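Undergrad: This note's numbering runs 6 ahead of the 1-based position in the sequence shown.
In short, the hints are calculated from the structure, not lab data. Keep in mind it's a predicted model, so treat the numbers as computed, not measured. Among these hints, one or two may not hold up.
[What the hints assert, rightly or not] DSSO-like, lysine-lysine: derived pairs with alpha carbons at most 30 Å apart: (1) Lys80 <-> Lys97; (2) Lys26 <-> Lys60; (3) Lys60 <-> Lys97; (4) Lys10 <-> Lys78; (5) Lys26 <-> Lys75; (6) Lys82 <-> Lys60; (7) Lys70 <-> Lys97; (8) Lys60 <-> Lys11; (9) Lys11 <-> Lys82; (10) Lys82 <-> Lys70; (11) Lys97 <-> Lys26; (12) Lys88 <-> Lys11; (13) Lys88 <-> Lys75; (14) Lys75 <-> Lys60; (15) Lys38 <-> Lys11; (16) Lys70 <-> Lys80; (17) Lys75 <-> Lys38; (18) Lys88 <-> Lys26; (19) Lys88 <-> Lys60; (20) Lys10 <-> Lys60; (21) Lys97 <-> Lys78; (22) Lys60 <-> Lys70; (23) Lys10 <-> Lys75; (24) Lys11 <-> Lys78; (25) Lys38 <-> Lys10; (26) Lys78 <-> Lys38; (27) Lys38 <-> Lys97.
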Amino acid sequence: MSGKKRIEVPEYRRPASDRKISIRGARSNNLKGVDVDIPLSIMTVVTGVSGSGKSSLVNEVLYKSLAQKINKSKVKPGLYDKIEGIDQLDKLLILINHR
């Protein structure tokens, strides 16, 4: 947004925490039993080719599961075997960018 084509690597980086959300056996749309650990307290990006299941993982499995447990939402998440680490969170926000 600033027009810069490069960001310098800082001299000091915060060490990663051991805190994480672990999803096991995620099955929704193109996800076929995916296991993933998502670190907390650090910016995390989910990348992949078109149709690889990024939105299904983040929106259908992760967000909806957290919304049920943290916000007492009635939404139905995508299928999964287990999600661990939710107890480390106390609130849930989702940001949507409309272009």
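Undergrad: Does each hint hold? Answer for all of them.
TA: Comparing the hints with the structure gives:
1. Lys80 <-> Lys97: holds (16 Å)
2. Lys26 <-> Lys60: This hinted pair holds, its Cα atoms lying about 18 Å apart.
3. Lys60 <-> Lys97: Satisfied, since the Cα-Cα distance of roughly 22 Å is no more than 30 Å.
4. Lys10 <-> Lys78: Distance ~42 Å between lysine 10 and lysine 78 Cα, so the pair is violated.
5. Lys26 <-> Lys75: It holds: about 16 Å lies between the C-alpha atoms, which stays within 30 Å.
6. Lys82 <-> Lys60: holds (18 Å)
7. Lys70 <-> Lys97: Holds - the C-alpha atoms of lysine 97 and lysine 70 are around 13 Å apart, at most 30 Å.
8. Lys60 <-> Lys11: holds (26 Å)
9. Lys11 <-> Lys82: violated (41 Å)
10. Lys82 <-> Lys70: holds (7 Å)
11. Lys97 <-> Lys26: The hint holds at about 15 Å.
12. Lys88 <-> Lys11: Violated, because 40 Å separates the two Cα atoms, which is more than 30 Å.
13. Lys88 <-> Lys75: holds (13 Å)
14. Lys75 <-> Lys60: holds (21 Å)
15. Lys38 <-> Lys11: With Cα atoms ~37 Å apart, lysine 38 and lysine 11 exceed 30 Å; violated.
16. Lys70 <-> Lys80: holds (9 Å)
17. Lys75 <-> Lys38: The hint holds at about 23 Å.
18. Lys88 <-> Lys26: holds (14 Å)
19. Lys88 <-> Lys60: Between lysine 88 and lysine 60 the Cα gap is close to 18 Å, so the pair holds against 30 Å.
20. Lys10 <-> Lys60: holds (27 Å)
21. Lys97 <-> Lys78: holds (11 Å)
22. Lys60 <-> Lys70: holds (14 Å)
23. Lys10 <-> Lys75: violated (40 Å)
24. Lys11 <-> Lys78: It is violated: about 42 Å lies between the C-alpha atoms, which goes past 30 Å.
25. Lys38 <-> Lys10: Given pair lysine 38, lysine 10 is violated - Cα atoms ~39 Å apart, limit 30 Å.
26. Lys78 <-> Lys38: Holds - the C-alpha atoms of lysine 38 and lysine 78 are around 27 Å apart, at most 30 Å.
27. Lys38 <-> Lys97: holds (28 Å)
The structure fails to meet hints 4, 9, 12, 15, 23, 24 and 25 from the earlier list, while all remaining hints are met.
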